[in-house]
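Participant: Let the sequences and hints guide you as you build the complete structure.
Residue numbers (UniProt numbering), protein chains in the order written: chain A, 1 to 422; chain B, 1 to 657.
Mixed in with the good hints there might be a few duds.
Below are the BS3-like pairs computed for lysine-lysine, each with C-alpha atoms no more than 25 Å apart in a straight line [as the list claims (entries may be wrong)]:
| id | chain 1 | residue 1 | chain 2 | residue 2 |
| --- | --- | --- | --- | --- |
| 1 | B | Lys107 | A | Lys224 |
| 2 | A | Lys112 | A | Lys414 |
| 3 | B | Lys452 | A | Lys224 |
If you are wondering where the hints come from, they were derived from the structure by calculation, not from laboratory data.
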Amino acid sequence: MISRKAFLKSGGLALFGISMGGIPTFLAEAANLVQAPGLFKRKKILVSIFQRGAMDGLMAVAPFGDKYLQAARPGLMMSAARTADTNPLIDLDGRFGLHPSMSSFESLFREKRLAIVHGIGSPNNTRSHFDAQDYMESGTPFSKGTSSGWLNRAVGLLGHEATPFQAVSLTSSMPRSFYGDMPSVAINNLQDFAIQMKGNPKGSSQVSKSFEDLYDQTSSGLLKETGKESFDAMKMLKSVDTKNYKPSSDAVYPNTALGNSLKQIAQLIKMDVGLEVAFAESGGWDTHFNQGKDTGVFARNVTDLSKSISAFWTDMTAYHDDLTVMTMTEFGRTVKQNGTGGTDHGRASCNFILGNGVNGGIVHGNVQALAIENLEDGRDLAVTTDFRSVFSEVANRHLLINNNKVLFPGFEGKGIGVMRGG
Amino acid sequence: MKTTLKYFFLPLSLFFTVTISASFISDSPSGKPFPYKSAGLSDRQAAAHLLSRFTYGARPGDIDAALKIGLEKWFSQQLMGDLADDSLNLMLKGYNAINLTNNEVSKLYPNPGQILRLAIKDGIISQDSIVQTGKKDYREQLKGYMLQKGFRPQAELQRQLINQKILRAAYSNNQTRELLTDFWFNHFNVSLTKGQSAEFIPAYERDVIRPNVFGSFENLVLATAKSPAMLTYLDNVTSSGTPESLSQQVNPQVQKRMAARASMNIADTAMRAKAVAKLQQNKKTQGLNENYAREVMELHTLGVDGGYSQSDVTQAARILTGWTVYPMENGYASAAKNLIERIGEQNLEKRGFVHEGDFLFAANRHDTGEKTVLGRKFPANGGYEEGVELLKMLANHTSSAKFISRKIAIRFVNDNPSQKLVDNMSAVFIKSKGNIAEVLLTMVSSPEFWNKEALREKTKSPFELAISAVRSLDADIYQPYQLFTWINKMGQKIYSYQAPTGFPDKGQYWINTGSLLNRMNFGLALASQRIPGIRVNLAAMNKNREPESSEAALVTYGRLIMPERDLSQTVDRLRPMLNDPELQKKIEVAASKNAVPETSATMVDPGVVMMDGTKEKQSAQGSVKRNDGKVLAMSGSNTMLAQVVGIILGSPEFQRK
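Facilitator: Okay, structure coming up:
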């Protein structure tokens with residue numbers, strides 16, 4: 001196998017070597033492993049975004065010509081035709097229309113870098129947020145007791161040496177997807193990566209040095225090693241001004257939780273710290289009330305989602321070949337609008353996959369006419385694509401993981417062609 | 001008169017306590033002295049080790065106190081778990097929510113969905129107005145409604161739950177009982193992240209876990225199986241037999257009618273959809289859910305390699321169909337409520353139903369067929385009793401004995417306990433029918449527990465780290481939630497581990513690049529009084545004697561905070577830093593500011609901001625002041641003494657136990 005540490009000899013590392021007067025040990029060690037410079041290969045990065053609360057896939061990407069949908073959603077339906085008072089849907093392919101607030105996705109879709117899978121969901125028909133998220137993140141839709149998350153298993157299957165930043169979640173606590181034996185980091189804010197002594201910079205460097213010495217001498221291998229990595233990481237992050245980060249190519253991140261998470265993921269990637277699997281979250285999708293149409297809560301949510309992802313993509317221009325971004329949500333929402341201007345818990349939704357390796361410009365999946373006989377339990381968009389088909393295909397093609405038995409135990413299904421060469 | 005009586009009974013009760021614990025020891029197979037001498041440990045070293053494993057960290061003086069009564073007796077007292085906890089109880093006095101029954105909680109702290117339903121039902125919020133009014137108005141309306149009805153936000157309940165755990169861990173005299181409560185809660189994990197079970201968790205810990213932590217394992221399994229928290233968390237609450245396996249239909253006529261309507265060619269699409277959905281809804285409640293049955297075997301009793309098959313899981317799930325939650329007054333489980341009203345509470349037993357507190361065995365949803373689990377046949381029509389038999393069989397199974405013994409040994413000895421130790425413990429487990437106290441005593445009476453290799457081998461979890469730091473400094477906690485914020489930051493969001501596995505119990509899980517710096521920062525913040533609502537008095541720890549030098553400070557406080565640890569290397573390593581002349585100066589300044597008497601004004605608690613922005617009245621939430629004449633030592637927040645103590649708390653040594 002080609003050592004994926006080879007990249008360390010390239011430009012990114014040199015940048016830090018100079019700026020901080022020393023290379024983090026874990027990177028230097030990794031770089032030393034490189035035998036043949038000709039085998040240079042940058043590692044691939046998967047960014048997963050969980051939309052918690054269950055996104056209404058039928059509003060994000062609407063089969064706008066469907067007369068059943070129009071009848072079921074008199075207060076929520078938008079049209080692709082230009083009218084005076086509302087923004088029209090963005091007609092993607094004559095059948096599906098993208099919500100107007102996701103206009104920044106249009107060009108990515110036309111460039112065939114953005115794919116949509118519609119009718120995606122879990123084979124387990126639970127409509128509980130908790131259970132559905134749990135199943136999706138563990139990757140085992142019929143087993144609660146799976147101790148690991150699917151992304152943690154994916155990290156384990158990468159099969160090469162890693163830096164402490166191989167798997168990073170930009171969340172305040174460890175997400176279920178990351179539970180497991182492979183080391184991973186959950187951090188809300190990169191600036192927390194420091195010894196903090198308020199208003200006492202001299203004290204803090206003194207104390208930091210003391211801690212470094214103490215961890216260096218401890219007889220506990222675990223504490224010694226992790227301590228070393230922590231201080232190396234701290235120094236490295238200190239060397240770049242994380243607070244005043246300037247995104248490249250004039251990318252503008254929305255000042256939202258998701259925008260900030262993706263911005264920090266971008267920083268980590270540019271620092272070449274060895275990030276391969278990143279995780280971020282987006283909330284507020286449980287739109288039981290007053291969902292809105294081209295304005296309102298749903299519109300705000302998809303604005304945030306699409307602008308954050310687009311900004312990230314623009315910012316990461318130099319890394320496009322290495323990147324795949326994938327969204328996921330626990331289930332979709334009822335076809336019919338409810339009595340309070342919203343939608344209730346349903347079954348299938350849609351998701352977005354962005355990357356140069358993505359078979360983009362296509363709405364994948366199988367969405368039938370939304371007549372009652374085609375609906376699951378007579379009310380919901382039917383799940384026609386198992387989320388594991390898509391997740392595994394992305395992992396197989398992009399991260400070159402080829403052990404789906406471990407990645408998704410008990411899953412026998414195949415990919416659906418969302419990635420090129422699939 | 002009253003006083004006389006009290007004094008009259010005091011010796012008597014003392015006598016009983018002594019007799020009971022004494023007989024406990026002599027009756028147990030291992031009622032001999034703990035074998036630490038042969039492991040080469042001194043009495044003090046042994047005490048330090050025992051307390052590091054069976055308390056949340058030794059406070060100043062705890063080791064001497066334990067030595068005074070003898071380690072064996074100290075441990076047996078802890079296993080009784082009934083030492084007086086007057087000062088803790090005083091602190092918890094203002095915590096009104098944590099003593100409520102599940103039913104009372106459901107009335108006082110309905111979840112947001114329930115509140116909305118009630119508000120709509122009461123006509124306070126019309127469905128149309130939700131669509132029209134802006135989000136803010138709508139929130140105001142709801143808030144007003146909650147105020148009017150006397151509803152409280154569930155965040156308050158959860159906050160009290162979290163705060164009481166922190167206070168109990170820090171201040172209870174029954175330290176081992178609290179540790180075991182944490183251990184068994186984690187073993188039978190439920191999570192605040194699941195909204196449906198969140199409101200039941202305070203009663204779960206209080207009534208289901210804590211009273212059973214030293215008793216028979218079987219009781220724990222049965223109690224958790226019947227608790228609303230577990231029934232909802234692992235979905236058994238909705239599990240029922242297939243229609244053909246049920247003895248009595250819920251209402252066959254209604255079902256027939258609905259099926260007919262669904263199959264009819266109704267022109268009105270919406271109406272038809274409604275009919276279909278209703279039928280589906282009904283069908284949904286008539287399905288087998290295997291989640292609990294699987295996890296009770298895999299995680300609670302036998303262990304994943306315990307020798308059961310998928311068929312055993314399915315059959316066990318069938319046995320447990322109908323095990324559900326008794327309807328609550330606020331409308332929870334209203335379907336069952338209607339049924340019970342129809343049958344009549346007095347007729348429940350006749351119809352095979354069982355109603356015990358919050359638990360309901362709904363006979364109408366029970367699969368009446370014959371089942372076989374692990375080779376044992378459960379004849380048809382076994383009703384509620386077959387579930388009890390099943391759980392007893394699982395709890396006392398050889399695989400469970402091994403699985404539980406190993407888990408206990410991992411928790412209290414080291415991450416990789418020897419097979420011999422585990423075998424000895426499981427033998428006692430089987431012989432004593434799963435008596436947890438006896439298994440613990442066997443473990444502590446084994447040479448393996450005292451082996452030098454086991455000392456300092458466990459890594460403290462973030463919760464243990466925070467509590468042990470507070471205890472070692474004898475700190476006063478006025479705002480427990482502030483500690484929770486740090487514990488969460490260090491990687492352990494208590495009560496919120498999503499998976500039924502509970503937090504993993506191994507060092508690698510807790511120590512990673514993301515969490516380690518937070519541990520160091522926690523030590524620094526605590527020692528320098530930068531955690532609001534947590535007060536430390538570093539000078540008082542050393543009887544208000546100033547250390548002569550910073551090196552002396554390190555030695556003195558190192559010994560106070562980590563008794564019986566060899567800190568010579570630490571001191572050597574830090575000597576250059578400590579001899580920095582600037583440091584000396586700062587220490588002198590710090591010392592001169594010592595012994596400032598604490599006025600009542602400085603004791604006023606700033607209050608904790610609630611989720612909705614209002615201030616929590618901390619005085620009613622456990623900010624009991626200690627009237628022990630303590631003085632504030634640290635007026636400056638960044639003295640060098642604090643820095644030294646912060647380094648001790650953040651040091652690798654302090655992360656170990």
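Participant: Evaluate each hint against the coordinates.
Facilitator: Structure-based check of all given hints:
no.: 1; hint: B/Lys107 x A/Lys224; in the structure: violated (51 Å)
no.: 2; hint: A/Lys112 x A/Lys414; in the structure: holds (22 Å)
no.: 3; hint: B/Lys452 x A/Lys224; in the structure: holds (20 Å)
The earlier numbered hint that this structure contradicts is number 1, and it is the only one.
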